[in-house]
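Engineer: For reference, the chains in residue letters:
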Amino acid sequence: MNQTASTRIWKRPPFIKSPILRWGLWFGVAIYLALAFGTMEIDWARAAEGVTRGKRFIMAFFPPDFSSRWDSIQDGILESMWMTITSTVIGIMLSVPVGLGAARNLSYRPVYLFCRGILAVSRTFPEIILAIFFVKLFGFGPFAGFLALSVGTIGFYGKLLAEDIEDMDPVQAEAIKSVGAGWLQWLNYAVQPQVMPRMIGLGIYRLDINFRESAVVGIVGGGGIGATLLTSFDRYEFDSAAAILMVIIGIVMVMEYSSGYIRRWVQ
Amino acid sequence: MPTQKIAGSRIWHRRTTAKQFAVWLGWLTGIAIFVYCWRLISEKTIWFFVTDAPKQAVDMAERMVPPKWSYMEVLWAPIWDTINIATLGTMIAIVIAVPVAFCAARNTTPSVHFVRPAALFIIVSSRSINSLIWALMLVTLIGPGILAGVIAIGLRSIGFCAKLLYEAIEEIDHSQVEAVIATGATRSQQLSFGIVPQIMPAFAGISVFRWDINIRESTVLGLVGAGGIGLQLDSSISTLAWTQVSLILLVILATVIVSEWVSAKIRHAII
Amino acid sequence: MLRIENLEKRYQTGDLALNSVNLEVPKGQVMALIGPSGAGKSTLIRCVNRLVEPTAGKVFLGDIELAHLGASDLRRARSRMGMIFQEYALVERLSVMENVLSGRLGYVGFWRSFLRKFPQSDIDEAFNLLTRVGLDHMANKRADELSGGQRQRVGICRALIQNPDLLLVDEPTASLDPKTSRQIMRLICELCEERQLAAIINIHDVLLAQMFARRIVGLQLGNIVYDGPPEGLSPEVLTQIYGEEDWEATIEAAKDLDEDEAEAELVEAVDNVITKPGSTT
Ligand SMILES: Nc1ncnc2c1ncn2[C@@H]1O[C@H](COP(=O)(O)OP(=O)(O)O)[C@@H](O)[C@H]1O
Ligand SMILES: [Mg+2]
Chain E
37 MNQTASTRIW KRPPFIKSPI LRWGLWFGVA IYLALAFGTM EIDWARAAEG VTRGKRFIMA
97 FFPPDFSSRW DSIQDGILES MWMTITSTVI GIMLSVPVGL GAARNLSYRP VYLFCRGILA
157 VSRTFPEIIL AIFFVKLFGF GPFAGFLALS VGTIGFYGKL LAEDIEDMDP VQAEAIKSVG
217 AGWLQWLNYA VQPQVMPRMI GLGIYRLDIN FRESAVVGIV GGGGIGATLL TSFDRYEFDS
277 AAAILMVIIG IVMVMEYSSG YIRRWVQ
Chain B
12 MPTQKIAGSR IWHRRTTAKQ FAVWLGWLTG IAIFVYCWRL ISEKTIWFFV TDAPKQAVDM
72 AERMVPPKWS YMEVLWAPIW DTINIATLGT MIAIVIAVPV AFCAARNTTP SVHFVRPAAL
132 FIIVSSRSIN SLIWALMLVT LIGPGILAGV IAIGLRSIGF CAKLLYEAIE EIDHSQVEAV
192 IATGATRSQQ LSFGIVPQIM PAFAGISVFR WDINIRESTV LGLVGAGGIG LQLDSSISTL
252 AWTQVSLILL VILATVIVSE WVSAKIRHAI I
Chain W
3 MLRIENLEKR YQTGDLALNS VNLEVPKGQV MALIGPSGAG KSTLIRCVNR LVEPTAGKVF
63 LGDIELAHLG ASDLRRARSR MGMIFQEYAL VERLSVMENV LSGRLGYVGF WRSFLRKFPQ
123 SDIDEAFNLL TRVGLDHMAN KRADELSGGQ RQRVGICRAL IQNPDLLLVD EPTASLDPKT
183 SRQIMRLICE LCEERQLAAI INIHDVLLAQ MFARRIVGLQ LGNIVYDGPP EGLSPEVLTQ
243 IYGEEDWEAT IEAAKDLDED EAEAELVEAV DNVITKPGST T
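Quick note, the sequences are listed as chains E, B and W, same order.
The working numbering puts the first residue of the first sequence at 37, with every later residue one more than the last.
The working numbering puts the first residue of the second sequence at 12, with every later residue one more than the last.
The working numbering puts the first residue of the third sequence at 3, with every later residue one more than the last.
Think of the hints as simulated: they come from the structure by calculation, not from any bench.
Among the hints, erroneous ones may be present.
Straight-line C-alpha distance at most 25 Å; calculated PhoX-like pairs for lysine-lysine [as the list claims (entries may be wrong)]:
#1 W:K143 / B:K30
#2 E:K195 / B:K79
#3 E:K53 / B:K276
#4 B:K16 / W:K29
#5 B:K16 / B:K30
#6 B:K66 / B:K79
#7 B:K66 / E:K172
#8 E:K195 / B:K30
#9 B:K16 / W:K60
#10 W:K29 / W:K60
#11 B:K30 / E:K172
#12 B:K55 / B:K66
#13 W:K143 / W:K119
#14 B:K174 / B:K276
#15 B:K55 / E:K172
#16 B:K30 / W:K29
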């Protein structure tokens, strides 16, 4: 805001007060963009080819070809589903003790640090990298994918469970302690009712994530629909690829719809 | 009712008999499904490899140390590419996600019956397909390279950003918008004075959050040829150069930690 | 029944919340603990059942010393002390019945409690108590569907089903309206009378304390500054506990209490005729 002799001029005060910082920031962004685009090697001729291929690909959706590869699509989707279910169940079962240990208000310091360590490690690497290593160790097939997804689930679910427990109402927890309940009884009566509804919702959400991930672990040999998808792209069979994508989208939509329903039901 | 009266004293059960039966049935079905799935997986597993795995793991770990630090020189360029893929991809996604979100939010969409379903469809299809699959697709279409990576990240993030953003728009305080309407403002003025100020913090938070996720995801896009450090990971693994692999894993770890720290800082500064 | 010797509590922040407190509460006595906010009332109560660990001193329940019990003995001792909380502290997602039965957790094994297969005698007692406080028709409602007064009644049932020797009550009425406050206080005192329970009731409302307790202990900055009958609360004593204020009005009001009392009961009786018992609060 500045004031002249006769009229007062008003301008919206900028979000960042210091002009040096503000202009410096814009300048930095500009330089970054210039550098980023400058160092990007793009084969424009090849990219231009993508336009015609893209058209072909989009046309492949009308209609997609379910029939010619139906056997392997069916196999892949089923395998993805088994992996999704088993890894979600096992992952959640394993993440419960880890999550309990990683809740600060519930465990001892060394246990807390140990469990937080497990969670941090299992969360850092994307499932696909885990899958690469599990494939090396356990051979090709859904078992490697199942392990990768389970580890991912532990990291995700354990962390959220620990945070949820840390956020619970301490008064309700104290009340159950004050009646002389044992530790397991206390978990069952004070902690579980408080965290359960949200954790069921998150479990279903994780099921959803695991299904999506199960579609990619196949790319590195971890079983599931990913391998089929990779083959059809490699052979430029766009209409089969379109069919697979539509099946994936369809299943995800069904899961998302039903998860919203279940979440409302457990509230 | 879970309470019954039998011979003068009242019996209490947590659930009615029918409900209790439903619960047992639910558990039974769940366990049956799990056992079935597990059997199918175990049929496709060679258990000898599994029992042998601990030995293999030790073997692999031994070959991974010490990391080949000199390989770092080769890695700087892929790291830079990885960050660019994430950043540029996020920018593209945001530019497209904003109009999509306004079309998808019930209170701002131009048409509930035509535009909104279309916007929701864009969001769902973008979200249900993993960025690695988007990358696979784009590598086939426009050839391998960073461009495919940027677009893949962008396409995957549109749905994520638009979904969170439209939920934020739907949750705004309507009375503030009404106050702006009451002054006789046009639709675009309502947007910029009534709605945008309210969702600005959410918008910034979502962008930074997605950028953080994208850094993680762009480290692996190279596995299908879409640029970034994943390319080196792929080639090192296929040539069994384990000391390079361990260095790359460390670099990924560091990148992820730094990006998490940066995004936490930025979010803290904005909100 | 309860004997406290030289109890001291210093929090990690350095606050000395209790400074060498000595106190004895015999069987069947209802004692009101008054004092300004921050005087250490909650700390005192919590040191007794060791939700807060005392830094020094001894606490005897009967002839068991509580301050140095190991985990499982502490559990057994806690099951002999019922606690009633200011914010009711019901587990909100459990049903009223489960909340009441949770008072028996110290007496049943894990699997029984996990499967909710409590002994029939516990269930009978739970229904008796719920009937006594007028809530038996609510047994299968979820605790978060209840009003404040109803929740506190369930909290009372949970404490009493423990079959305790001692009741620890922390500001039972602070979140309730004046009329419900009186009903709750009366209920607690009647039940203590019926069962010959010793009780410590923390309360910041001097009027309520004088109305219901035969013995009043005043706490100020962790020290006991008054211990005697309600009639002994002179302006000087109240000033000592709470600081400078015009206390004459409070004392006058305390003298009128009995009339108020009668009136409140009348109102309640009329309510009960109009609506169902228990649904008035
Ligand atoms: N958890 C705690 N950590 C540190 N200081 C506390 C804690 N709880 C209470 N105190 C301090 O102890 C003193 C007594 O508190 P409290 O027993 O809650 O008083 P009252 O219940 O009489 O209001 C206060 O000075 C308070 O600041
Ligand atoms: Mg208090």
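Engineer: Provide an ascending list of the numbers of those earlier hints which the structure does not satisfy.
Structural biologist: Structure breaks hints 2, 4, 8, 9, 11 and 16.
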